[in-house]
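Enquirer: Given the coordinates of chain A, assemble chain B onto it according to the supplied hints.
Top to bottom, those sequences are chains A and B. Per the numbering used here, the first sequence runs over residues 2 to 89. Per the numbering used here, the second sequence runs over residues 207 to 593.
It should be emphasised that the hints constitute simulated quantities derived from the structure, not laboratory data. Quick caveat, the model's predicted, so the values are computed rather than measured. One thing to keep in mind: the hints can contain errors.
[Unchecked claim] Straight-line C-alpha distance at most 27 Å; calculated DSSO-like pairs for lysine-lysine:
no., chain 1, residue 1, chain 2, residue 2
1, B, 414, A, 22
2, A, 19, A, 69
3, B, 484, B, 593
4, B, 429, A, 18
5, B, 414, A, 18
6, B, 522, A, 19
7, B, 212, B, 484
8, B, 496, B, 521
9, B, 493, B, 521
10, A, 14, B, 429
11, B, 496, B, 581
12, B, 404, B, 496
13, B, 414, A, 19
14, B, 365, A, 14
15, B, 484, A, 14
16, B, 429, B, 522
17, A, 69, B, 414
18, A, 30, A, 84
19, B, 404, A, 18
20, A, 14, B, 404
21, A, 19, B, 493
22, B, 496, B, 452
23, A, 14, A, 36
24, B, 555, B, 511
[What the hints assert, rightly or not] Label pairs and their in silico Cβ distance ranges:
no., chain 1, residue 1, chain 2, residue 2, range
25, A, 89, B, 424, 41 to 51 Å
26, A, 28, B, 402, 42 to 52 Å
27, B, 433, A, 37, 55 to 65 Å
28, B, 302, A, 16, 18 to 28 Å
29, B, 265, A, 49, 56 to 66 Å
30, B, 265, A, 16, 29 to 39 Å
31, A, 26, B, 322, 41 to 51 Å
32, B, 433, A, 28, 41 to 51 Å
33, A, 81, B, 433, 55 to 65 Å
We put the beta carbon where it would ideally sit given N, CA and C, even for glycine.
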Amino acid sequence: MNWQSIEEGAVIKHDIKKSPKTGDWRYMKPKVDKKTCIGCGQCFELCPEAAIDYDGERKADIDYNICKGCGVCATVCPQKAIKMEKNS
Amino acid sequence: MTDKKKNLALTGGAAAAEALKQINPDVMPVYPITPQTPIIETFAKFVADGEVSTEMIEVESEHSAMSAAAGAAAAGARVATASSSQGIMLMAEMLPIASGMRLPILMLVSARAISAPINIHGDHQDVMFVRDAGWIQIFSENAQEVYDNTLIALKLAEKTRIPAMVIMDGFTTSHSVENLEILETSVVKKFIGEYQAKNSLLDFENPKTFGPVSLPNSYFEFKRQQIEAMNGVTEDIGEILDGFGKISGRNYNIFENYQLDGAEKAIVVAGSTAGTAKTVVDALREKGEKVGLLKIKLFRPFPYKQIASVLANVKKIAVLDRSISMGSMSPLYSEIVGSLSMFKSTGEKCEAQMCVYGLGGREIFAKDIQEVFEKMGEGGVKYIGLK
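Bound conformation, chain A alone:
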């Protein structure tokens, strides 16, 4: 990158590969107990980073590259299937 080639007006094309990994910020890590999870999806909606999706069994699956460890998912889970653990 130099001044001639930098994006005009700082308008940047979206590229997920270049986006910062907010997962690096995490101190506490949410862990899903897949046996208890009923796949209700409440944590998906409230996750501020949209880091949760279904896995193959329709259970909550967290993308740790993005998850900042805020713990909202653990608080809202009606089954208490998500536990916050110290980041390893």
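Expert: For chain B alone, coordinates are given in the frame of chain A:
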């Protein structure tokens, strides 16, 4: 194509609105302020009468007007607005955002004094206050130039992706009725062309981030690129002025060289006072005096080299500023002195006199300008018409 021209008697403000009507911008966020109001007032009538399809957004302040303008321009719309004085100062936060994001917004300015004390009359302090906002600034002498510059500046802004201000003198130009010639709308449409934004927030196929944070590792590069684009305007405008000359018969340059050839004494001035200065130059030339006038049009970017070259053989210059820079040299004066010290290589040393006139709408007469010519080279700062 040049056959179907129309002569109208309009105020400078209405002339600007007439040009805007022919442009038919997609969005116009506006907030009223004297002496700019005639522009948006006239345009609002065009909207009400269905003569344009512009989305006119009546916002709650000039800060919002420029914010809405930036948002609409980022969405890919052709955007125009207008303001004056305190309104421009309230917009000040948004002006470098519009230019930094390279959004070609067109703003009509009816230049006016700034408070305090409060004064609604014409001078150039508002536009000089924002001269470092990264906007193209073009001064207009009369209603005809307001109309012409509006079309030229729009095309220039869109070509360079730099926002542009078209400046007229508050009241003197904005409220005085003058005869002018307007072009056929079809000719205007062909001249300005269809607008296609380089980037659009609404282009969902190619999602982009607008206005991101840029830290010490990239901010400097973004600014350097913007400087390059701004410097290029003096070149980019050439083709546009040529094209405009062809459709209108009015051939403009980035400044007006009025009787400077062979002139020993010259006045440099921007805006409506150039008209008065021309009559004085004509009268003195009749008497055989070697006098001339440099009328500033393109103020940002400032054409240093071209101005130094046109003033190369002039021995004495008086720069008439309708604004001040407290504790420093007046804005136009410092640009002229800078041009001469940087690029004047031929001719003798040139004496440049700093003159301040017309603050808060104070009148300036032909006799005042004649006196400037007579006493040119006395040194110090002249305050023309000061009691």
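Enquirer: Does the structure break any of the earlier hints, and which numbers would those be?
Expert: 6, 12, 15, 16, 21, 22, 23, 25 and 29
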